[in-house]
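Start from chain X and add chain F according to the hints.
2 protein chains.
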Amino acid sequence: MIHKIAIIGNGKVGTFLSKAFADMGLDVSVYARNPKSASQKKLSELGDDSDLCLICIADRNIAELTKCIPAQKGILAHSSGTVPLEDLDIRHPNRGIFYPLMSLQAESEVDIQSIPFCLEASSESILNQLKSWAQSLDLSYYEIDSKKRKQLHLAAVISHNFSNYLYHWAWQVLQKADIDFEILKPLLSQQVKGLSAADPILNQTGPAVRGDLNTIKAHQELLENPELADLYQKLSTLIQQSNEKEL
Amino acid sequence: MIHKIAIIGNGKVGTFLSKAFADMGLDVSVYARNPKSASQKKLSELGDDSDLCLICIADRNIAELTKCIPAQKGILAHSSGTVPLEDLDIRHPNRGIFYPLMSLQAESEVDIQSIPFCLEASSESILNQLKSWAQSLDLSYYEIDSKKRKQLHLAAVISHNFSNYLYHWAWQVLQKADIDFEILKPLLSQQVKGLSAADPILNQTGPAVRGDLNTIKAHQELLENPELADLYQKLSTLIQQSNEKEL
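For the protein sequence lines, the chains are X and F, in the order given.
Take the first sequence: its position 115, counted from the start at 1, is 114 in numbering that gives the first Met the number 0, and no numbers get skipped.
Take the second sequence: its position 109, counted from the start at 1, is 108 in numbering that gives the first Met the number 0, and no numbers get skipped.
This is chain X alone, in the form it adopts within the complex (with noise of 0.2 Å):
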C-alpha cells in the first residue's frame, strides 16, 4: 500500500495535499525548488524510494522535470488537469495521474474526502494501486483517461472559472448600487444544490429563457460598459437559442 509519499512542489495543489495526507496518518515529505520552511526539502535531495512521487507544479514544467528527477521505484504521477500521460518520461516505470478536481487557494477549508479525484496510469495495475489506495482513505475517485479529463478540465474552467467572472460582474453591479453582495448568496447556493445529472437548461429561469424583452433591454441600459452590455446580449442570445433547440 502507498504510505511513503514525496510531494514535488509547495505551491497551492501541494500545499493542500501534504497537510491533508499528513493528516491521514502518512509519511508524507515536501520537495521544492524554493523551500520555504525547514520542513520542506530541497528538489535536489530528492530519492526514489517513495510508493508515490506526486507532482505538483506548474503545467508548462511538468514534463522536463519529470526528465530531471531520480527515476522512480515506486509511481510517479502528477496533479494537473491539463498535462497527457504521455508527457511523464518513460525512466519512470510506473507512470499515473492523480488530478484533484477543486480550486484549492492556500487557505481552502475543503474537506479532500469531497474532492473528485481523477486517476489515470500507465498500466493496469498501477491503476489498481492508485485506486485501493484512494479507496483506502476514502477518497472519492474515477478513472478519465488523458483525453476525457482535458474534456473535463474545459468543462470545469466553464462552469467554474467563467461563472466566478460572472459572480464578479454582478459584485460590481451590487457595488454601484450599495448593495452587500452576500445577498446573492442563498440563490446561488440553492442553484448549485440542485444540480444533478440532468441537463441544467431544463432549471433555466430568467428574462432571456422567458423571452422577455423589456426586462433585457432595461438591463442592458443600466450596463453602461459596452462590452458587459454586449456580452450580456450574447449570453441571452444563446439561452433563447438553447431553449428554442429545446421546444
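Derived from the structure by calculation, the hints contain no laboratory data.
Quick reminder that beta carbons are idealized off the backbone N, C-alpha and C, glycines included.
Fair warning: there could be bad hints in the mix.
Said to hold, decoys possible - In silico lysine-lysine, PhoX-like type, Cα no more than 20 Å apart, as pairs: (1) LYS3/F / LYS18/F; (2) LYS3/F / LYS72/F; (3) LYS216/F / LYS147/X; (4) LYS184/X / LYS184/F; (5) LYS175/X / LYS147/F; (6) LYS175/F / LYS147/X; (7) LYS3/X / LYS41/X; (8) LYS147/F / LYS184/X; (9) LYS72/F / LYS130/F; (10) LYS11/F / LYS35/F; (11) LYS3/F / LYS192/X; (12) LYS41/F / LYS3/F; (13) LYS3/X / LYS72/X; (14) LYS41/X / LYS66/X; (15) LYS192/F / LYS184/X; (16) LYS216/X / LYS146/F; (17) LYS146/X / LYS216/F; (18) LYS184/F / LYS147/X; (19) LYS40/F / LYS11/F; (20) LYS147/X / LYS130/X; (21) LYS146/X / LYS175/F.
Claimed, not checked - A few chain F residues that don't get close to chain X, going by computed Cβ distances all over 12 Å: (22) ASN9; (23) PHE20; (24) GLY24; (25) ASP26; (26) LYS35; (27) GLY46; (28) ASN93; (29) ILE125; (30) SER131.
What the hints assert, rightly or not - Covered stretches of chain X, as calculated for chain F (at least 3 residues, CB under 8 Å): (31) 139–149; (32) 178–188; (33) 207–216; (34) 235–243.
For chain F alone, kept in the frame of chain X given last:
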C-alpha cells in the same frame, strides 16, 4: 399583525409562498384567473379585507391588475424583482413590495427562512408593518428601494441565470466525453461556499487569469461551435482585463 393573506397567482412563486405561509399557520387564500384546484378561488371572488394581498403574477400584468381589483384595506404588495412601486395603483392606500430573491420552481425544496426578502413600501408605517411581520416569521429581509431593486435583479440575472447557462454548456462538453455532470458538483459547491462580501475576482483561478495561452488555445480547439469558441474568448479576455486592473 398580518395574518389573513390573499395570494394572487398560482404559478411558481404564488404556489411556493402560499404553501410556506400556510405551513407557518397563517390564513392563506389563493386567487387565480384559472384556479387549478378546488382550494383555489376565482380572482373575481377577491374581497378587500386581507391584511396582505400579495400579487405573484407575470411582471407585465401587475400594473393593470392593480387597477381592476377591489381597493384593499390592508397592504397590497407584489413579489416582482423588476416592477417599480409606482406601478401599483394609487387606489390602494397601502402599497408595498415583498420580493423573494430566489429562483422558485414548482417542486423546489427551499427553506423560506433562507430566502432574502426585499421590502419597500409607500410609507414608513407600512414598511415597518412588513418588517415586523417578516421578523415575527423569522424571515431574512432587506430594505431595497425600486431603483436598487433593479440593480439587484440585474445582478441576480448575471450571477444566476447566466451561470446556469455556463453549467448547461459544461454539461454539453461532459456529455460528449461521456462523463457524469455531477463530478463538477463539489467544485461548484465549494465555490459558492467561499463567496463573501469581497469581490469574487480575488478568487479567480484558471487559464485566463494565469495568462496560460496554450490551454486557452487547446480549449478553443475542443469547442467545435464557433459561437461558443467566441464566448470562451470573450470571457477569457474580460478575465485577463480584470486581472490587469487589479495589478
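Okay, the hints, checked on the actual structure:
no.: 1; hint: LYS3/F / LYS18/F; result: holds (14 Å)
no.: 2; hint: LYS3/F / LYS72/F; result: holds (12 Å)
no.: 3; hint: LYS216/F / LYS147/X; result: holds (17 Å)
no.: 4; hint: LYS184/X / LYS184/F; result: holds (16 Å)
no.: 5; hint: LYS175/X / LYS147/F; result: holds (9 Å)
no.: 6; hint: LYS175/F / LYS147/X; result: holds (9 Å)
no.: 7; hint: LYS3/X / LYS41/X; result: holds (17 Å)
no.: 8; hint: LYS147/F / LYS184/X; result: holds (17 Å)
no.: 9; hint: LYS72/F / LYS130/F; result: holds (19 Å)
no.: 10; hint: LYS11/F / LYS35/F; result: holds (13 Å)
no.: 11; hint: LYS3/F / LYS192/X; result: violated (33 Å)
no.: 12; hint: LYS41/F / LYS3/F; result: holds (17 Å)
no.: 13; hint: LYS3/X / LYS72/X; result: holds (12 Å)
no.: 14; hint: LYS41/X / LYS66/X; result: holds (17 Å)
no.: 15; hint: LYS192/F / LYS184/X; result: holds (8 Å)
no.: 16; hint: LYS216/X / LYS146/F; result: holds (16 Å)
no.: 17; hint: LYS146/X / LYS216/F; result: holds (16 Å)
no.: 18; hint: LYS184/F / LYS147/X; result: holds (17 Å)
no.: 19; hint: LYS40/F / LYS11/F; result: holds (17 Å)
no.: 20; hint: LYS147/X / LYS130/X; result: holds (18 Å)
no.: 21; hint: LYS146/X / LYS175/F; result: holds (12 Å)
no.: 22; hint: ASN9; result: holds (18 Å)
no.: 23; hint: PHE20; result: holds (18 Å)
no.: 24; hint: GLY24; result: holds (23 Å)
no.: 25; hint: ASP26; result: holds (27 Å)
no.: 26; hint: LYS35; result: holds (20 Å)
no.: 27; hint: GLY46; result: holds (31 Å)
no.: 28; hint: ASN93; result: holds (25 Å)
no.: 29; hint: ILE125; result: holds (22 Å)
no.: 30; hint: SER131; result: holds (21 Å)
no.: 31; hint: 139–149; result: holds (count 6)
no.: 32; hint: 178–188; result: holds (count 11)
no.: 33; hint: 207–216; result: holds (count 5)
no.: 34; hint: 235–243; result: holds (count 3)
Of the numbered hints stated above, the single one contradicted by the structure is hint 11.
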